[in-house]
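Can you build the whole structure from these sequences, using the hints too?
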Amino acid sequence: MYAMWRLQVALCTLSVLSLSSAGESKARSCSEARQAYTAKGFSLINVPHQEISGEHLRVCPQGYTCCTSEMEDKLHQQSKLEFENLVKNSSHNMRTTFVSRHQKFDEFFLELLDNSEKSLNSMFTRTYGKLYMQNSEVFQDLFTELKRYYTGGNVNLEEMLNDFWSRLLERMFQLLNSQYHFTDDYLECVSKYTDQLKPFGDVPRKLKAQVTRAFIAARTFVQGLMVGREVANRVAKVNVLPACVRALTKMLYCPYCRGMPGLKPCHNYCHNVMRGCLANQADLDAEWNLFIDAMLLVADRLEGPFNIEAVIEPVDIKISDAIMTMQDNSMQVSAKVFQGCGQPKQSGVGRSTRGISDVFSGRFRPYTPEERPTTAAGTSLDRLVIDIKDKLKESKRFWSNLPDDICAKGKLTESDEDQCWNSHTKGRYFPEVVGEGLTNQVSNPEVDVDITRPDTLIRQQIMALRVMTNKLKNAYNGNDIYFQDSSDEGSTSGSGSGCSDGCTTEFVFVGTEAPVIGADRSDERAAAAAAAGKSFSSGPSLVLVVAALTLPLGAMQTQWR
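Each residue of the sequence shown is one higher than the one before, starting from 1 at the first, in our numbering.
If you're looking for bench data, these hints aren't it; they were derived computationally from the structure.
From the three backbone atoms N, C-alpha and C, an ideal C-beta is built for every residue, glycine too.
One or more hints might be untrue.
Cross-link-like lysine-lysine pairs, in silico, DSS-like; alpha carbons within 30 Å at most [what the hints assert, rightly or not]:
#: 1; residue 1: Lys206; residue 2: Lys473
#: 2; residue 1: Lys118; residue 2: Lys147
#: 3; residue 1: Lys147; residue 2: Lys206
#: 4; residue 1: Lys104; residue 2: Lys473
#: 5; residue 1: Lys409; residue 2: Lys396
#: 6; residue 1: Lys104; residue 2: Lys336
#: 7; residue 1: Lys336; residue 2: Lys206
#: 8; residue 1: Lys391; residue 2: Lys237
#: 9; residue 1: Lys104; residue 2: Lys237
#: 10; residue 1: Lys409; residue 2: Lys237
#: 11; residue 1: Lys409; residue 2: Lys208
#: 12; residue 1: Lys118; residue 2: Lys208
#: 13; residue 1: Lys104; residue 2: Lys40
#: 14; residue 1: Lys80; residue 2: Lys411
#: 15; residue 1: Lys104; residue 2: Lys391
Taking CB as the label site, the calculated pair distances span [claimed, not checked]:
#: 16; residue 1: Glu188; residue 2: Lys147; range: 22 to 30 Å
#: 17; residue 1: Lys147; residue 2: Ser43; range: 33 to 41 Å
#: 18; residue 1: Glu82; residue 2: Ser29; range: 20 to 28 Å
This is the structure:
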């Protein structure tokens, strides 16, 4: 009887041990890890079916594991690729916004100029006929130079506009006094009287102020969109350091090695890893935000006193009014010119019986709303700028918020803080989240960051943004930094038109301090260097950055006569 009882106990014990052994064997299965591993595109050759000893692992915990050394190496590489894609995907909308809005604004502006030139040509041909056609190159050159300035040419707007009115005065003076013969020297003398006689009334002064301010703002704004695009594209191509890759592998793929491939990282754990990996990007944020603020303020100018559409569309009417003023005052102008330059010789040809007054049938009238031509892509400057402003506002604090975007709960991380991967097992993550930026990573528990070695590319982009912000500041005040007069300390001349028509004159930016890393450029330009010297106290490396940032500037070659 006792023997029978002992036999039953033994059988029960064996049964329990057998069940326990089966349970342990099931718990140590690597089937889920194998399935997840092959889903990443990796081969299952030499991938364990059950957990093995993990002394060989260099990143993941060295207990029982489903990973071989080869698997860990592949997952290490996969972590780097996935992180690069995470940054690219998270910044995609912002980057494409700068690309598309730059293209749209550029298209709009150039078509606006083309429409204005076509309108002037059509109106002047109908109104002046042959007289205009014989002198049309004066007006064509005006638009050519305006386009050249906008596209980055080395054009001083004020000088160019002064030359335009001087040429127009010479041509009209000859037409109004066709009974005389004028030498080139005499016509040169005539042009010197442009400012003194004011033959075109106040139109040249007003138009010059409007055109310079509007064109400076428009060109600088489109350059800003281009710089924003380039900076965003370069920074999005993140430089992934070995310490970052190690932390990423531990966060993203060590759960595979522990047989829990579906386990997502804890939210705060992800934050520490991303803030360590994106520390340099976060340091870009302060200068980026100043740049965005400057873009928004110049955009306000484009909607208001520097509205390029309001300046360019009626330019034919304004020039026509100037011509009428010249015609009305032709007798007085001619008399004063003859007095100052001497009496010209008779040409031997009688004065035309059909002068300008005969061909001119009346002043031009502006378009009615129904007649107003549609500009690029059926939009207007106001609608275009409002759209761009909305997108710019969305991009503020983008770089410091990037870890938040990547570590969004439910997407990359687990929302349940007790059921997440905490770097070694499933459970709550206890370390505090470190602050943003490079210096705060000294206490990062997940990523070993060398805070003494800032990323060179990021520092270059910080300087690029700082230079562009300074240009935007000048454009906001109606000044072009390319043509600052070094002889007049504290003031801006050349293409600067000031803010005499009711706009504020103060616009203060405080740039964040960062080490200056110069780009290796050989095409330094004296104008850019002088502008940089006025705006910053940095050394030669800044001049190189300025040269690298500015649009290509060609030599001015236009001959006015």
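Structure-based check of each hint:
In summary, the hint linking Lys206 to Lys473 is supported, as the alpha carbons are separated by about 23 Å, within the 30 Å threshold. Restraint check: the Cα-Cα separation between Lys118 and Lys147 comes to about 14 Å, which is no more than 30 Å; the hinted pair holds. Among the hinted pairs, Lys147 with Lys206 is consistent with the structure: their alpha-carbon atoms are about 20 Å apart, no more than 30 Å. Simply put, Lys104 and Lys473 have alpha-carbon atoms about 23 Å apart, close enough for the 30 Å limit, and the pair holds.
With a CA separation close to 22 Å, the supplied pair Lys409 and Lys396 stays within the 30 Å bound. Straight-line distance between C-alpha atoms of Lys104 and Lys336 comes to about 49 Å, which puts the hinted pair past the 30 Å bound. Our distance criterion of 30 Å between C-alpha atoms is met by Lys336 and Lys206, whose separation comes to about 24 Å. The straight-line distance between the Cα atoms of Lys391 and Lys237 is roughly 22 Å, inside the 30 Å bound, and the hint therefore holds.
Using a Cα cut-off of 30 Å, the hinted pair Lys104 and Lys237 holds, with the two alpha carbons roughly 25 Å apart. Using a Cα cut-off of 30 Å, the hinted pair Lys409 and Lys237 holds, with the two alpha carbons roughly 24 Å apart. About 56 Å separates the Cα atoms of Lys409 and Lys208, which puts this hinted pair outside 30 Å; it is violated. Proximity of Lys118 to Lys208 is assessed by CA-CA distance (about 21 Å); at most 30 Å being required, the pair is judged to hold.
For the hint linking Lys104 to Lys40, the alpha-carbon distance of about 40 Å lies beyond 30 Å, and the restraint is violated. At roughly 18 Å between alpha-carbon atoms, Lys80 and Lys411 fall within 30 Å of each other, so this suggested pair holds. This hinted pair checks out: Lys104 and Lys391 have alpha carbons roughly 13 Å apart, not beyond 30 Å. Evaluation of the 22 to 30 Å hint for Glu188 and Lys147 yields a pass: the beta carbon distance comes to about 27 Å.
Taken as a hint, the range 33 to 41 Å is violated for the pair Lys147 and Ser43, whose Cβ atoms sit roughly 59 Å apart. Our hint of 20 to 28 Å for Glu82 and Ser29 holds, since their Cβ atoms are close to 26 Å apart.
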